[in-house]
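J.: Below, each chain spelled out in residue letters.
Number of protein chains: 2
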Amino acid sequence: MAGVSRSTVSRVINGAPHVSAAARDAVHRAIARLGYSPNHAARTLAGRRANAIALVVSEPGSRVLADPFFAGVLRGVHAELAGQTQLVLMMNPSDDLVAYLSGGHVDGAIVVSLHGEDPLPQLLHDKGLPIVVGGRPLAGAVPYVDSDNFNGALEATRHLVSLGRTRIACVAGPRDMAVGRDRLSGWRRGMHGLPADLVEHADFTPQDGAKAMAALLDRAPDLDAVFVAADIMALGALKILHERGRRVPEDVAVVGFDDSVLAATAVPPLTTVRQDVERFGRTLTWRLLAELNGAEGLPPSILLPTELVHRDSA
Amino acid sequence: MAGVSRSTVSRVINGAPHVSAAARDAVHRAIARLGYSPNHAARTLAGRRANAIALVVSEPGSRVLADPFFAGVLRGVHAELAGQTQLVLMMNPSDDLVAYLSGGHVDGAIVVSLHGEDPLPQLLHDKGLPIVVGGRPLAGAVPYVDSDNFNGALEATRHLVSLGRTRIACVAGPRDMAVGRDRLSGWRRGMHGLPADLVEHADFTPQDGAKAMAALLDRAPDLDAVFVAADIMALGALKILHERGRRVPEDVAVVGFDDSVLAATAVPPLTTVRQDVERFGRTLTWRLLAELNGAEGLPPSILLPTELVHRDSA
DNA sequence: CTGAAAGCGCTTACAG
DNA sequence: CTGAAAGCGCTTACAG
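Keeping their order, the protein sequence lines are chains A and B. For what it's worth, the numbering used here labels the leading residue of the first sequence as 1, then goes sequentially. For what it's worth, the numbering used here labels the leading residue of the second sequence as 1, then goes sequentially.
Everything labelled a hint here was simulated from the structure, so no lab data went into it. Warning: the hint list may mix true and false statements.
Because identical chains cannot be distinguished in the list, a pair is counted as satisfied if it fits within a single copy or across any two copies.
Pairs of lysine to any residue, SDA-like flavour, derived with a Cα cap of 20 Å [as the list claims (entries may be wrong)]:
1) K211 - R246
2) K211 - D222
3) K127 - L97
4) K211 - V9
5) K211 - A264
6) K127 - S7
Put together the whole structure using the sequences plus the hints.
T.: Set out below in structure tokens:
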């Protein structure tokens with residue numbers, strides 16, 4: 001229909017050089033009139049790229065999916081992809097996964113929600129598959145993107161100290177994730193001088209946050225502040241504080257983390273640490289695509305800034 | 001390596017009949033020794049199936065993604081797929097979308113979060129692409145799966161009536177979605193006899209829920225109960241009730257909808273209507289795959305039961 | 001029961 | 001700047 005060969009159409013579609021403006025226009029017109037869109041399987045088979053990247057959610061129960069954090073990241077990933085590349089979702093890390101991923105079905109992978117010293121990212125990396133991990137992995141030397149959890153937690157804790165609080169507790173995240181460890185480290189650093197003994201670990205759920213808060217109150221009825229390493233856990237903590245008759249912030253000041261959609265409507269509205277989760281997803285994807293496009297000198301890791309948001313709870 | 005032709009290998013891999021046991025064994029042995037796995041793109045190109053389905057999120061801002069509902073559905077979809085079929089995520093409904101989807105790149109599509117009288121599902125259906133819509137579409141005659149929103153809301157409202165409440169308000173969902181309309185209809189039905197004038201529409205966010213609750217209290221300071229058509233809005237409503245000195249449930253009884261992870265940790269814990277979102281996703285996928293596999297006499301629509309969960313707020 | 005051959009719809013050297 | 005031709009790795013009639 002454009003009056004040119006298949007080769008020329010291919011060049012136009014792939015933005016290759018050495019195509020006359022006339023040919024280019026004719027092809028574009030024909031594409032528009034035909035509503036043509038290239039066959040994905042054929043491109044993949046003929047070319048050497050799969051034109052797809054995998055988003056691997058490395059969590060047995062896929063619990064992350066219920067997390068607004070993941071939703072925001074997904075939105076960012078998709079936005080950055082801009083329709084150029086397919087996004088294939090993989091949620092059940094299995095034995096076949098490594099074979100599948102390194103079998104040329106995808107050009108690269110974003111791996112999120114890694115627990116413990118999961119060997120998966122290093123394994124994929126060793127097989128030559130470009131990957132980027134969302135959240136600092138505890139094992140392996142692979143590229144990653146993460147929020148600056150340490151400094152966010154540090155700032156949150158310093159804020160509590162600046163309020164004159166002295167018995168400051170911490171509801172920390174899981175021990176087997178960097179996000180848990182780094183926010184805890186930030187709290188410890190912010191406590192300099194004050195006794196940093198009031199720590200309870202919890203999973204990122206309201207239920208676990210409640211349990212941890214209850215344990216802390218049992219251990220130290222005189223605590224006057226708490227840094228909770230995730231808003232979703234802070235909801236549970238607020239509930240326990242309310243049940244036990246502690247006024248927030250008068251008796252106990254509370255700072256969360258994430259600035260999730262829940263923070264502003266908590267009772268009282270939650271002072272928290274904002275991280276831009278959509279930007280997280282965009283950065284993850286940008287880093288991977290840059291590598292796929294052969295960019296040189298890319299940073300091995302990227303830390304995204306966080307920011308304290310002042311509301312009523314502290 | 002197996003000493004047979006490509007054709008025979010293909011037959012063995014695809015479980016076709018008319019292959020001798022000897023040939024079959026030889027092929028299996030060779031596959032194991034070589035660690036062979038078929039090339040997805042080649043299969044797709046040669047066969048007539050794409051071995052992939054699309055999950056289309058038809059929402060301009062992709063706000064749904066932040067919703068635990070969507071997360072649960074996604075989990076269900078993935079579970080039901082069981083690794084057999086690729087899941088391709090599409091989030092920016094554009095002009096190209098119809099061309100892409102009906103261009104043979106996917107075997108079928110699941111469409112969720114439809115607003116208003118979106119012509120998309122009917123368009124795809126007319127082009128011959130098997131599709132299933134998540135949540136009753138307001139326009140078009142296409143297969144869908146939905147929660148039984150009407151009966152869930154009905155039961156919630158009857159519960160409030162059975163408590164002796166007489167001034168029962170409703171924070172309804174968006175007017176342009178069936179989920180908003182059906183829950184409102186259920187409330188109206190449950191109010192039989194009582195004046196059903198206290199309605200405010202809101203988007204599924206805590207902020208909007210708060211705004212609607214405030215408006216209702218302004219209109220009817222004497223209201224003694226409220227059915228809020230989503231837990232995420234109920235959080236905002238609870239906040240306003242608390243700010244205005246209304247005790248829950250003593251002064252105002254509250255029932256939500258969804259039984260999201262937030263309901264149990266709300267203050268007070270929220271009585272709500274449970275819908276099994278993972279099952280929602282599984283059913284959606286089952287229905288689509290059944291059609292792809294040529295099942296006959298499939299139900300055009302499937303309604304999933306809901307259930308009232310009693311907690312403290314009503 | 002089995003194999004030779006065509007073909008799925010592209011990309012990519014290669015030759016002009 | 002452009003086109004003819006080979007080939008990506010499978011499936012599927014077709015013929016034996």
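J.: Decide, hint by hint, whether the structure agrees.
T.: Tested hints:
1. K211 - R246: within (16 Å within a copy, 28 Å between copies)
2. K211 - D222: within (18 Å within a copy, 37 Å between copies)
3. K127 - L97: For K127 and L97, the Cα distance is within 20 Å only inside one copy (12 Å; across copies 34 Å).
4. K211 - V9: neither (63 Å within a copy, 55 Å between copies)
5. K211 - A264: Intra 22 Å, inter 13 Å, cutoff 20 Å: inter-copy only.
6. K127 - S7: neither (33 Å within a copy, 29 Å between copies)
Checked against the numbered hints given earlier, this structure breaks hints 4 and 6; the rest are met.
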